[in-house]
Amino acid sequence: MSSLATEAAAPPAPAPTPPRPRRRRFPTVPWLLLSGSILILGVLTGYPVVRMLVMSFQEYERAQVMGMPAEWVGLDNYVAILTDSGFWEVLGRSIVFMVVAVTLTMVLGTLVALLMMRLGRKMRLLVSVGLLLAWSMPPLSSTTIWGWIFDTEYGLVNNLLTRITGDRWFGHSWLLDPLGFFTILTFIIVWGAIPFVAFTMYAGLSQIPGEVLEAAQLDGAGPFARFRLVMLPYVRTIVTVLVVLSMIWDLKVFPQVYALQDIGGDREKTNTIGVYIYQMGMGQGHFGMASAIAFVFVAIMLLLSVYYVRRTIKEEEL
Amino acid sequence: MGAATHRTDITGKTERNDFVRKNRLVAVTAAASMTMALGACSSGAEAGDGDGGPATGEVRVWLVGTDTPDEARDYLKKTFEEQNEGSTLVIEEQAWDGLVDKYTTALAGSDAPDVVEVGNTQASAFTSNGYFSEITAEEFEELGGSDLLPGFVEAGDWEGAHYALPYYAGSRAVFYSPQLVDAEPPATLDEYVETAKGLYDEGKFSGVWWPGQDWYNALPFIWENGGYIAEQADDGTWEAGFSSEGGIAGLTQIQDLMLNASNAPKDGQETDLQVPFCEGKIGYLSAPTWIQWSINAPEEPETEDGVPGCASTYGGDLEAFALPGKDGGAAQVFAGGSNIAIAQKSEHRDLAYEALKIMLSDEYQSILAGIGLIPAKVSLAGEVPQDTSIGAAGVEAAANAKLTPATPKWADVEAQTVLQTQFTRLANGEDVEQVAADLDAEIESILNG
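Same order as they appear, the protein sequences are chains S and V. Residues in the first sequence are numbered consecutively from 1, following our numbering. Residues in the second sequence are numbered consecutively from 319, following our numbering.
Bound-form chain S, shown alone (with noise of 0.2 angstroms):
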């Protein structure tokens, strides 16, 4: 699987020949077309990456950052994190977090799509134009509206609940339980991937041709099968692609989380991967071991993802 990364990164190496029947020569256009692209990732994705191999062997420490020589520590950092069981609560907590994310997009964002295909021209701009603006919000700007709405002192939820019920609901914080912190995130993550996922899967099901279908139900098969057994066969690379990476979207979040843990909230129970490695690196300055844990982090995402890729390779190898 170490063979992918380089496979995307490394100079024009000789070009992987297709098996297959037609033989072609050697593709100079397309390897010269790609050699910029593949110049920018290998300076903005490849040196860091190495970057920071190489400093999860370090003591990488702020004085560190200012020039002094870094000491080689071996395989130190990496046992430290790996018996450090608050890493172990993080990495659950955010795979937890991320199953929960991705399954409530993957269904709400399918949902949508197949209503986008069931309704009229205008009604369908207006959805499309609604989740465009929801998918183009910074999810800075996104978050901080969202804790507005959620605000213990001023906020439209607390505000609304309390002339609902009659009961007094201001200063009720909705970010102190760690349940109710992680409710909101999937709230603002949810909200902000399903326009993606909902635009691609309506793209997908709207190339299914119609007569299929409706063979289909000319056989009998009411509405959920045919959903099951025709449409989700048609897009399965298609949802697979999304899941992968919604997957990788939800696990890696930054921003969302370190902007809602400044609004409220209990730190120690909230953080996860992103957060927990930009604290250990940038807020306490132990660069080492964040690039360490940043290293196992995109071992376990790379393991999660070329597991279903091959997958769904094999299924359509068969």
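In case anyone wonders, no lab produced these hints; they're calculated from the structure. Hints are not guaranteed to be accurate.
Restricting the straight-line Cα-Cα distance to at most 20 angstroms, the calculated cross-link-like pairs of lysine to any residue (SDA-like) are [to be verified]:
#1 V:K522 with S:R168
#2 S:K269 with V:Q752
#3 V:K420 with S:M66
Since the structure of chain S is already known, use the hints to place chain V on it.
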């Protein structure tokens, strides 16, 4: 997901395979760019030439927050550009939020500012790691020498050398409006607690305003009850003292106020305090003295980025007193404030020093004193207007101010928001002794780590 075993054979197979392959690349690239985002913590630090820059140039001064008044900013820029013909001075305002994180990278990069303000408790994270340019003994004498606030000079020293000098000290006072609190200022800390609890009306009126993340206001209660944050033993290890007898007594008193005198959000921050105060919801507000300018401000801000106050209602007759101590007099309060330093990577150290000289000049410091900040020079303390109760309270409190433990690791305790997190638990009604034990364990692990 998508584990459908039913396969239809309608779309072109090769096309789908290509799709998968492309997206495998997308997934891997996405994973890799994520790594980049997380790993791009530090960019390589190249050695910059510390001295011998050109005679003229642009000096960038980083001030934090809005504490420095516009009058002082204008004075600094004008004076500097008069004295150093051909050079310019730019002030760039930074935010207190995440300052240590920002300086860690910004001061190490090739585009570092020249003069930087830093919180006094944060200074040691940088002085101990070579981020600031050393202030020589001659320069130190020229800038004020022994006239500079001793506690703040100490906060900016590292291994016997000066790196960051005092900029100003803040002071905390307890504000109230006589329209809302019809009582003489309490004489002792216990009386303060009792009065505040008496003023409290659940959900409507707060005796004191205590957002859960506010730890600055908590320290006096620890100190006055005989507790301490952390003390260094003879062997150099730090021992935290929240679980000490005095610490527990202080925390108990704090929790009493949080639960029985305050309607503030249990996980809130100590920001925009003028808003609830102006609503008439607060009896006693313990805050830095500059908060008076936010409260006693017109309802319609005069400037574009101004904040609305309530000069015509509760702000108009604002009064203040110094937080009383356990046995009367002023309590030991947290000495907030700022230090100022020249960045190690400043391209024009000579010019930066000139700017520093202006900022520590009597004229500049008098402007700061004029708005109620405690100036960096002891001899200028008289410049703080004391004709109001607020000015007097500020000076009285500053005389008895204390600092956080003197170790570079303390900045990590702050960056990790250990105190904010634990005090939030306290506000939430959790067991005092448990919170104290957790506080001590976390602080010790950072300070001794």
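* Enumerated hints in conflict with the structure, sorted upward -> Hints that this structure does not satisfy do not exist here, as all of them hold.
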